[in-house]
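Undergrad: So you can see what is in the structure, the chains are spelled out below.
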Amino acid sequence: MRLLLVEDSERLRAAVARALRQSGYAVDDTGDGGDGLFMAKENTYDVVVLDIMLPTRDGLSILTAMREGGKDTPVLFLTAKDTVPDRVNGLRSGADDYLVKPFALEELLARIDALARRSYQKAAPKLTAGDLEVDTAAKVAQRAGQPLDLTAREYAILEYLMLRQGAVVTRTEIEEHIYDELVSPMSNVVDSAICMLRRKLAVATDSAPLIHTRRGQGYILDARPR
Amino acid sequence: MRSIRKRLVVWLLVGLAVLWATAGAGVYFAVKRGETARLDARLENLSGGVRFFGSRIAGEAAREAREAEREREAELARIAEEGGETPEGGPPGSTAAPGSADPRGDGEPRRPDARREEPERPRPTGEPDRGRPPPPDDNQRREMPPFFQEDGDEFFHLRSQEAPALERRSTSLGDDRDLPPPGGAFPDEPLYYDSHLPDGSRVRAVAFDFRPRSWRRRGDGEGAELPELQAVVAIDAEPMHATLRNVLLGIGGVGALAALASVGLVHFALRDGLKPLRRLGDQLGEIDAASLDGRFSSKGMPLELTPITERLNALMARLEKSFERERRFSSDLAHELRTPVAELRTMSEVSLRFGDGTADREQTEQTLEIAEDMGAIIEALLALGRYENGQAEIEREEVDLGGFAADCWRPFEARAAGRNLRAELHLQPGGTVATDAKLLRLILTNLFSNAVEYTPEGGAVSIRNDGASLAVRNDAPELTREQLPQLFERFWRADGSRTGGGHSGLGLPLASACAEVLGLRLTAELDGGQLELRLRGAAGHAAA
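Chains as they are written, first to last, in numbering that gives the first Met the number 0: chain A, 0 to 225; chain B, 0 to 543.
Heads up, some of the hints might be wrong.
[Said to hold, decoys possible] Covered, in the sense of this in silico footprint (three residues per stretch, anywhere, with C-beta under 8 Å from a C-beta of chain B), are these stretches of chain A:
| # | region |
| --- | --- |
| 1 | 2-12 |
| 2 | 114-128 |
[Said to hold, decoys possible] Pulled from the structure, derived: some chain A residues nowhere near chain B, Cβ distances all over 10 Å:
| # | residue |
| --- | --- |
| 3 | Lys80 |
| 4 | Thr150 |
| 5 | Thr212 |
[As the list claims (entries may be wrong)] Residues from chain B that face chain A, not an exhaustive set, calculated with beta carbons under 10 Å:
| # | residue |
| --- | --- |
| 6 | Arg270 |
| 7 | Leu273 |
| 8 | Lys274 |
| 9 | Leu276 |
| 10 | Glu335 |
| 11 | Met346 |
| 12 | Val349 |
| 13 | Leu351 |
| 14 | Met373 |
| 15 | Gly374 |
| 16 | Ala379 |
| 17 | Glu392 |
| 18 | Arg395 |
Simulated from the structure, these hints should not be mistaken for laboratory data. Glycine residues also receive a C-beta, built at the ideal position from the N, C-alpha and C atoms.
Same shape as in the complex, but just chain B (with noise of 0.2 Å):
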């Protein structure tokens, strides 16, 4: 048997856990997205100023390296005209002119191959430098100055294949540690990826390479082509990745208590959503033959339990009239039966007893006979009619069962000596019965008669008390297991074919529904060609 509500939770909960996954997957990668994609703006807003950066760099390099040739070739013309003295031994370029220009004026003149053996001079701003990159001036500081901290959280790192000299770090980078190009060629779009920093922290990044435009200013003229640069920006993605964990402890935790509650709440759903179901299936339960009147009530009923119970009530209604017609129809039967019958009887008894001899006497007293046979059919039909519908009124009193079956088994003995049974009586008092006499009487009438008349010729019949209960045994031979539940339907007969003599099939079908009005139990086991029909008392009602 399957449970609605055991399929009704199953469904619940796992559609509920995987819209709750579903659900918490969503928000995860949304707030992801978000977050990458503002790290990402960031990214391409210090693109441009890392680009700047680059274009100056390469172009003070250039015009560095264009002044340093023209020094040189002044230094030469003036030994030219000194007659080729040497002013210093160096060679040309190696060290910084002491009076040279400083084109911006906030920097000191530089060749470009000196830079990494000259570290910067701590700044005025105080901060400390012990990095070894160039040391950034002061509009860097100013347009990018995450960069510049040693724990920035911004970081970029200027190559150059045509021109390694211009390689840079941002302090925040320190000086040995690189930002890793992503795998493969330097793209020529900027590429978005993430990364991680040597010492395994994760980090947002951009690489793009780019060529600086020709540095120009004033007097300059006309630029070199500059070298081409490859820049790799990055943002520490650390914070982002804190971020995202949250929202995934949050929603993790909140999907524990979500998943707590549901159950509780599924379960408390359907306990109260399958209630009148319940209540439905209880008010089914307690109806049999006799309480077919009731009707199931639609106040309370949920909508969808509405036309269950409509077409409940109907079939009610047509079950209780056509019980209601079966009975009718065998009580009236029986009834309309009466008169006919009381006419066949009086007039035989009236041609027996006050008749003037025309009619044959013989034949007279059988109809008469069958008159009476036919009065107690229609009787115990009736009585069954009343017994079965609980309309049988019962007047409890302490009976003996032994002695009161033995009793009623008195009228028997001639009809049994005259076929031959031999009958055994083992009827012990003492067995006391609160019960109702007359249906007793009936019921213990019924049985013997039917031991009586249907154990073969010269067969056994017992009658023996247990306490409360009473079992008749007798002789049936022909009786198979599968007959037994019919003997105590109506009309049924072992042999099919035998009529008459009063036997009706009516009398264990009474003697059962009679029994059932006393809260006894009649039943029926078939035992080594035996037939025993046991009489049992029912809880409550069989006194020790």
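Okay, chain A solo, but in the shape it has when bound (with noise of 0.2 Å):
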């Protein structure tokens, strides 16, 4: 999951882009509004977190220009302003949910999840796929019944399968999703993370293989036999 924070604090932005990496998130942040929209435009995220008091472009107007551009990236507006008017006004332009500071830090990662999944179609926080099961809430996995020890990324990589289950997922939109900007593309970081995940979800010798790749294409999570 690849997520897009534009807070002007900086101390507040750093405490909250740690949080999300360590729940799994790939995080992009900005404390400018201009730069804000342009990395909304150039690249694909899940959630967009935008503060509404912003330096150079404020939220309401980076909101309104994704949603004109035809980015349709669920929103979550975080910010100081807590009248109904304001939460209504927020909602209005497009966003998808309204946090008022200061927030629980629980809430603010549950509200993100709950955006993620939504992204999908997914309304439930468990997916399942044959034997495997992934808790989005809890953010573990676990396969017959066996949980799984996995790091952040892989639990991150899995969970993006098992959204897309049953479509093929290329390495490209991997690399988008589930890796940060600080990531360079060039690296192989995405098979290597995808060979340690197939790895540890063989629990059993007769485990079936979810994770099959396609040949130029990418890797496709699937739990019908082929």
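Since each chain comes alone in its own frame, lean on the hints to assemble the complex.
TA: Structural data, given as structure tokens:
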């Protein structure tokens, strides 16, 4: 899951970005409204977290410009403005959620998770594929009742593949959604991470492979035998 | 309190009364003066006639005396010639000589002393003439007719100290009525004065004395010195007094009407005149902190009130601005605090959850608590601002007060137990109120929190509902009666040094503001060391 965080308070941005990265999101962050709009337009994000009061360009106009540019990425407003008209105005402009500062970290994470799931038309926090179960709320996965010990990034790749179950996911898409801008796209991190994930999914000697490779295209997660 | 209206009424009425009385008196005296002057002019005119008349009778008397003397001398001469024989027995001059010449040809020759005994014969003019005073001759009648009518309104009375026989009265006076002279000596100059006839009717009179000049006639030669005469001439003043009485009645009557009219006029004038003032007062009465944007319209305001409305409007504008500033300030402050508090809170949370173990966990937890407290203060402050400004949206629903209060109390049970408080709940279902559950919860939570936190350790707390009213009582041994109103002030705490622990001093102000929004009243009373906070339903909001 890749996420854009536009927040002008540096300390808050750093803390939130850290929490999100630790929760398995790839996070791009900026403190400038203009930059924020550029990034939102250029990249594909699963969720955008926007502050309303920002330098150079405020959150509402970023949102409007995004929607006008055809981006329907879920947007969560994170703001100090709390009146009912503020909230209504935010939601009317096309925001999907609204959280007033100061907030509880748990709540922010939960809301972001919900928005991320929603962008894949999945409302329930539990995803299943055969005997594999992924709880997106608790960020844990288990296979045949056996918990899997995954790093945050491995979990994120698994969750993303689960969300797009049965569809081919390109390497670029994985890079875009799982890795933030700091990762060089030329590296083979995706391949090695997939390799590691396959190894961990094989909890028993008779476990059916779940992640399949489509040469020249990418990967597909499918529980149905092929 | 003194009423402008009352003062104006008194002043105007007293002023009008004085003005009216003065004007009336002025008119009365002017009329009286005019009338008197008219009478005096007539009197002066009459005086000339009387003077003439007096001169003539004095002259005639002197002449008759001289003729009698001459006759007597002639008689004596004849007697002397005839041998001293007297033809008649009477004393000389005691009877009129039948053949004696009447000097003027229109009267009878008389001796002065015989006048009273010989009444005047009726004159050809046919007037009744029962009076004994000597009859006036035709000239007199022509000259001074009213004197010689019995019911005439002009009178004269001639007297002489030197020759009492010359006393004359006008016919109008009758024969036994005197015109009283003015008190004191008879004046040399004519003296005008008010007097009475003996029958009491009022007259205007003039008194003067004069010495007729010698009566000269053809062949009379030099006249002797004539006696001094004293004359009083009078005119009936009753018509004048009647006129004056009418004037007085008129003034009084019109005055009474004017007084009545004045009362009405003053009443209406004041009511109309003070109307703008009352309107201004009404407008002022409608102003409170929530309606400072209203302005007094100077349209239709009288000129005198325009400076007041202008000043009031300027004052209102300043008040509104400062209210606005104050509201914005606390709201801005709270908003400005949001981001730093969010930073603080998020950083401590991230450190606790995702930290690498370098930070002191216990301290970070405390930091998080502080951040949470600060967040609560900000929320309370903003909520307070919203409710005090009446910006809250209310959704009324039926709430059972007893059950609702018990439900709100539950979260406080642990804290109360932790502080060894004896909590007594007397909550009966049945007190249903139509209210906003969210706001009511906010009120009750703040009341309970206040009771649980500020009751001394081991103290008692009781919560009781009575229909649609609810009372929270708790021990408050240090609270004084003077401090009660301060309970609802922002940031006030009984113990000023006690800070932290999430007690911002905003709970009760917030509860009170919410109550006001819901149309309820929150009151505080101190009774035997116990504080009772009572939430009462205002009429119309509390259902039975």
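Undergrad: Now, for every hint given, state plainly whether the structure supports it.
TA: Structure-based check of each hint:
Judged by the Cβ-Cβ criterion of 8 Å, the region 2-12 of chain A is covered by chain B as claimed, because 3 of its residues qualify and three suffice. As drawn, the region 114-128 of chain A meets chain B at 0 residues by the rule of a beta-carbon pair under 8 Å; below three, the given contact is violated. Here Lys80(A) does not stay apart from chain B, with its beta-carbon only about 7 Å from theirs, under the 10 Å limit. Chain B leaves Thr150(A) outside its interface by the beta-carbon criterion, the shortest separation being 14 Å against a cut-off of 10 Å.
The non-interface label for Thr212(A) is consistent with chain B: the shortest C-beta to C-beta separation is roughly 33 Å, beyond 10 Å. With its C-beta approaching chain A no nearer than about 48 Å, Arg270(B) sits outside the 10 Å limit, and its interface hint is violated. Evaluation of the Leu273(B) hint against chain A yields a violated restraint, the C-beta minimum of about 45 Å exceeding 10 Å. Given the 10 Å rule on beta carbons, the hint for Lys274(B) is violated: about 43 Å separates it from the nearest Cβ of chain A.
For Leu276(B), the interface hint is violated, the least distance from its beta-carbon to any beta-carbon of chain A being 42 Å, above 10 Å. Nearest Cβ of chain A to the Cβ of Glu335(B): about 8 Å, under the 10 Å cut. The hint holds. Among the interface hints, the one on Met346(B) holds; its C-beta lies about 4 Å from the nearest C-beta in chain A, closer than the 10 Å criterion. With 10 Å as the threshold, the beta carbon of Val349(B) comes within range of chain A, its nearest partner Cβ sitting at about 4 Å, so the hint holds.
The beta carbon of Leu351(B) comes within 9 Å of a beta carbon in chain A, closer than 10 Å, and the hint placing it at the interface holds. Interface restraint check for Met373(B): the shortest CB-CB distance to chain A comes to about 8 Å, inside 10 Å, so the restraint holds. Annotation: interface hint on Gly374(B) holds; nearest CB of chain A at approximately 4 Å, less than 10 Å. Violation of the interface hint for Ala379(B) is found here, the shortest Cβ-Cβ separation to chain A being roughly 13 Å, above the 10 Å cut-off.
Annotation: interface hint on Glu392(B) holds; nearest CB of chain A at approximately 7 Å, less than 10 Å. Look at Arg395(B): its Cβ only gets to about 18 Å from chain A, farther than 10 Å, so that hint breaks.
In summary, the structure is inconsistent with hints 2, 3, 6, 7, 8, 9, 16 and 18 from the numbered list given earlier, while agreeing with the others.
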